[in-house]
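> Single-letter residue listing:
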Amino acid sequence: ETGVTQSPTHLIKTRGQQVTLRCSSQSGHNTVSWYQQALGQGPQFIFQYYREEENGRGNFPPRFSGLQFPNYSSELNVNALELDDSALYLCASSYLTSLGGYEQFFGPGTRLTVL
Amino acid sequence: AQSVTQLDSQVPVFEEAPVELRCNYSSSVSVYLFWYVQYPNQGLQLLLKYLSGSTLVESINGFEAEFNKSQTSFHLRKPSVHISDTAEYFCAVSENTGNQFYFGTGTSLTVIP
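The listed protein sequences correspond, in order, to chains X and V.
Every letter in the first sequence is one number past the one before it in my numbering, and letter 73, counting from 1, is 73.
Every letter in the second sequence is one number past the one before it in my numbering, and letter 10, counting from 1, is 10.
Calculated from the structure, these hints are not laboratory results.
None of the hints are false.
Pairs of lysine to any residue residues, derived as SDA-like cross-links and limited to a Cα-Cα distance of at most 25 Å, are as follows:
1. X:Lys13 x V:Asn41
2. V:Lys69 x X:Leu99
3. V:Lys69 x X:Gly100
4. V:Lys78 x X:Gly40
5. V:Lys78 x X:Gln41
6. X:Lys13 x X:Asn79
7. V:Lys78 x X:Phe105
8. X:Lys13 x V:Gln42
9. V:Lys69 x X:Thr97
10. V:Lys69 x V:Val19
11. V:Lys78 x X:Glu103
12. V:Lys69 x X:Glu103
13. V:Lys78 x V:Gln10
14. X:Lys13 x V:Pro40
15. V:Lys69 x X:Ser98
16. V:Lys78 x V:Phe14
What follows is a set of in silico ranges between Cβ atoms, one per label pair, in the way DEER data are often shown:
17. X:Asn77 x V:Gly62: 37 to 43 Å
18. V:Ser26 x X:Asn77: 27 to 33 Å
19. V:Leu7 x X:Leu83: 27 to 33 Å
20. X:Gly16 x V:Ser52: 44 to 50 Å
21. V:Leu7 x X:Leu67: 36 to 42 Å
22. V:Ser26 x X:Gly16: 33 to 39 Å
23. V:Ser27 x X:Ile12: 37 to 43 Å
24. X:Leu11 x V:Leu7: 31 to 37 Å
Computed, partial: chain X to chain V, Cβ under 7 Å:
25. Gln41
26. Pro43
27. Phe45
28. Gly56
29. Leu90
30. Gly101
31. Phe106
From a predicted model like this one, the values you see are computed outputs, not experimental measurements.
Cβ coordinates follow ideal geometry from the N, Cα and C atoms, glycine included.
Given the sequences, and given the hints that come with them, work out the whole structure.
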């Protein structure tokens, strides 16, 4: 069983550009969440996808968008990049446990630097 | 929305000494609680979780955490730390009405030889 994978590992972009980050979820997990982790901070929830539909969104502007594919892999797209978008972007796949809570498994992250 | 507070941003502790990393959350609604560990340049690894049942939960590497509903806390403890425990530790909360995770700002644990 493979874990959550993300690509690329590192990325450098300039202000105003667009970026696409990719995530492959863990086998059997149909829910994917994306988080932004700025330096020295905890992860902040961007949005979640469940069976190809957005299923919750945090306090991020519309230029942050996403997709989930039939195989449950996912993309995070960010348009009109700003310097403050520089962060580690984490993908987490999850499943609903028998006790009612979700358990999330995180990928290694993509480090985005905006110059 | 939940607010998660990790009161200590940095905790230095000598090897083989005990340690407690504190975590408080804002709401008294039913929640699920997690501790994650993050090593440099890596993603988050689940350390332990509370979903229901016993309020004391343990990890395989000697950490434990106790859910205290009245104090809305989920403090992490280890009786004797090792050098390899040096890492960033994040407390996270999700509500039973949804699956969004709310994270604290993290506690950097440094184990001193």
